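There are 2 protein chains.
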Amino acid sequence: MYRKLTFILAVVFALQLVDPADAQQSTKKPLTVAVLLFNGVELLDFAGPAEVFIVSDHGNAFQVVTVASTTKPIKTMGGVTVIPDYAYSEAPKADIVVVPGGAMSNVSDEGVSWIKKAHKTSKVTMSVCMGAFLLARAELLDGISATTHRWGLSGLRSSAPNCKVVRSRRFVDSGKIVTTAGVTAGIDGALHIVERLLGKEQADWTANEWMEYKRPDDTKDDN
Amino acid sequence: MYRKLTFILAVVFALQLVDPADAQQSTKKPLTVAVLLFNGVELLDFAGPAEVFIVSDHGNAFQVVTVASTTKPIKTMGGVTVIPDYAYSEAPKADIVVVPGGAMSNVSDEGVSWIKKAHKTSKVTMSVCMGAFLLARAELLDGISATTHRWGLSGLRSSAPNCKVVRSRRFVDSGKIVTTAGVTAGIDGALHIVERLLGKEQADWTANEWMEYKRPDDTKDDN
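Residue numbers (the numbering used here), protein chains in the order written: chain A, 1 to 223; chain B, 1 to 223.
Since the hints were made in silico from the structure, they are not lab data. Quick caveat: nothing in here was measured; it's all calculated off a predicted structure. We put the beta carbon where it would ideally sit given N, CA and C, even for glycine. Accuracy of the hints is not assured; some may be wrong.
[Stated by the list, open to error] Below, a list of computed lysine-lysine pairs in the DSS-like style, where the Cα atoms sit at most 30 Å apart:
(1) A:K123 to B:K75
(2) B:K200 to A:K72
(3) A:K214 to B:K72
(4) A:K116 to B:K28
(5) A:K214 to B:K93
(6) B:K116 to A:K75
(7) B:K214 to A:K200
(8) A:K117 to B:K75
(9) A:K164 to A:K29
(10) A:K29 to B:K75
(11) B:K28 to A:K72
(12) B:K93 to A:K75
(13) B:K164 to A:K75
(14) B:K93 to A:K93
(15) B:K75 to A:K75
(16) A:K93 to B:K72
[Unchecked claim] Calculated from the model, a selection of chain B residues having no Cβ within reach of chain A, i.e. all distances over 12 Å:
(17) H119
(18) K123
(19) G175
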């Protein structure tokens with residue numbers, strides 16, 4: 001009986017030494033974030049969210065990979081050249097899918113099929129800016145609320161007539177689909193996903209401490 | 001005499017038809033923005049300012065190029081692979097030099113020499129985040145005010161003892177040198193340079209219309 005009590009006390013003491021958050025971190029595999037790329041993709045549409053996921057939780061929570069039609073170099077809008085990590089057919093299963101905007105006509109039907117397939121097994125699929133039009137092509141906006149760059153709001157209403165297109169919001173969280181307004185709003189959408197998955201403290205740390213980014217007030221009032 | 005007057009009136013009338021801003025744009029070559037890259041460069045440190053310059057004036061005002069030790073692919077912090085456009089020795093003369101932060105120890109003395117050389121003929125040289133430490137290595141901060149990521153402020157005071165290191169500012173404009181606070185503050189620094197070179201209207205359009213970015217209040221009060 002004495003030995004049993006000693007054992008229980010030892011276990012309880014040991015548990016005090018382990019920070020539950022650390023314990024969770026050390027046993028958890030990073031979540032895979034797959035970022036769609038294509039010729040003419042808007043640089044900050046993908047680099048903003050990518051940065052958020054890369055630095056969150058000191059780089060421990062997410063693994064960011066880039067996915068395109070092939071692994072040949074692509075030119076982003078404005079000319080910066082990026083080599084995608086994976087072709088569609090080779091891409092790993094994604095926990096988070098990021099669909100940026102830009103020259104969306106360069107995304108083939110194979111690309112739209114990849115979005116659909118990746119979305120089936122993702123926790124969250126997010127579009128940034130005009131990337132919402134690619135989600136519309138993938139028929140992922142039917143029956144939900146969504147947003148896009150202010151210049152695309154009326155066009156999106158035509159492209160996705162069964163979607164409730166919302167204006168004046170940095171992002172719209174419709175559960176498995178998160179859509180954002182233009183360019184820099186992708187940062188807010190990604191921080192919101194970090195908040196959903198890792199908690200507000202982690203999202204605030206990523207924004208305030210690492211990225212020195214003050215989230216606009218309208219990111220606080222989610223619908 | 002009558003013909004001379006008619007000619008003068010015709011010229012005056014013709015001048016009214018030409019928007020001075022358009023005239024300037026149509027005859028001016030885009031300014032070259034050279035962005036330093038290196039293995040471990042922080043993605044948003046360079047992608048934020050690059051985006052600003054790429055989209056300003058509908059993409060007509062600036063040509064963004066990337067420069068590194070070689071044109072072999074480099075891995076940015078977090079893994080996105082970028083192919084630099086030019087090696088140091090081949091880089092074109094830059095009107096604006098952008099020096100981001102990240103794994104700065106990967107920048108060799110040759111890289112620091114390129115910064116010095118490029119700065120000699122630039123209109124503006126800007127650092128983003130910890131990139132200020134590279135400007136310190138290039139001895140470009142002596143006798144001026146500068147800032148960096150909040151985590152680097154005291155370190156920069158040691159690295160650049162003759163620099164007045166300023167805290168709580170998105171950017172510091174010291175004339176030919178502009179330094180910014182962490183990561184997203186690079187966007188504010190670049191917008192400030194657009195404002196200096198193209199005017200407030202262009203900078204506001206780039207921020208508010210294209211990038212859907214609300215500049216924090218402390219970017220309005222420059223020193």
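message = Hinted pair, alpha-carbon criterion (30 Å max): K93 of chain A, K72 of chain B. Please report holds or violated.
response = Within the cut-off at roughly 29 Å; holds.
inquiry  = Beyond 12 Å on every Cβ pair: is that true for K123 of chain B relative to chain A?
reply    = holds (20 Å)
message = Check whether the Cα positions of K164 of chain A and K29 of chain A lie no farther apart than 30 Å.
response = violated (36 Å)
### Task
Sort out whether K93 of chain B lies within 30 Å of K214 of chain A, counting only the CA atoms.
Status violated; Cα separation ~35 Å.
| field | Distance restraint between K214 of chain B and K200 of chain A, which requires alpha-carbon spacing of 30 Å or less | value | Distance of about 22 Å is within 30 Å: holds.
* Given the hint that K117 of chain A pairs with K75 of chain B, does the C-alpha gap stay at or below 30 Å? -> holds (28 Å)
- Just checking, G175 of chain B versus chain A, shortest CB gap more than 12 Å? holds (23 Å)
| query | Between K116 of chain A and K28 of chain B, does the CA-CA distance stay at or below 30 Å? | reply | The given pair, whose Cα atoms are some 45 Å apart, is violated under the 30 Å limit.
Note to self: Just to be careful, I want the Cα atoms of K123 of chain A and K75 of chain B compared with a cutoff of 30 Å; is the pair within it?
What the structure shows: holds (27 Å)
Inset, instruction - Please work out if K214 of chain A and K72 of chain B have their alpha carbons no farther apart than 30 Å. - result: violated (36 Å)
query: Taken at face value, is the distance from the CA of K72 of chain A to the CA of K200 of chain B at most 30 Å?
result: violated (39 Å)
For H119 of chain B, is the shortest CB-to-CB distance to chain A above 12 Å, so the non-interface label stands? holds (22 Å)
Going through the hint list in order, the structure does not satisfy hints 2, 3, 4, 5, 9, 11, 13, 14.
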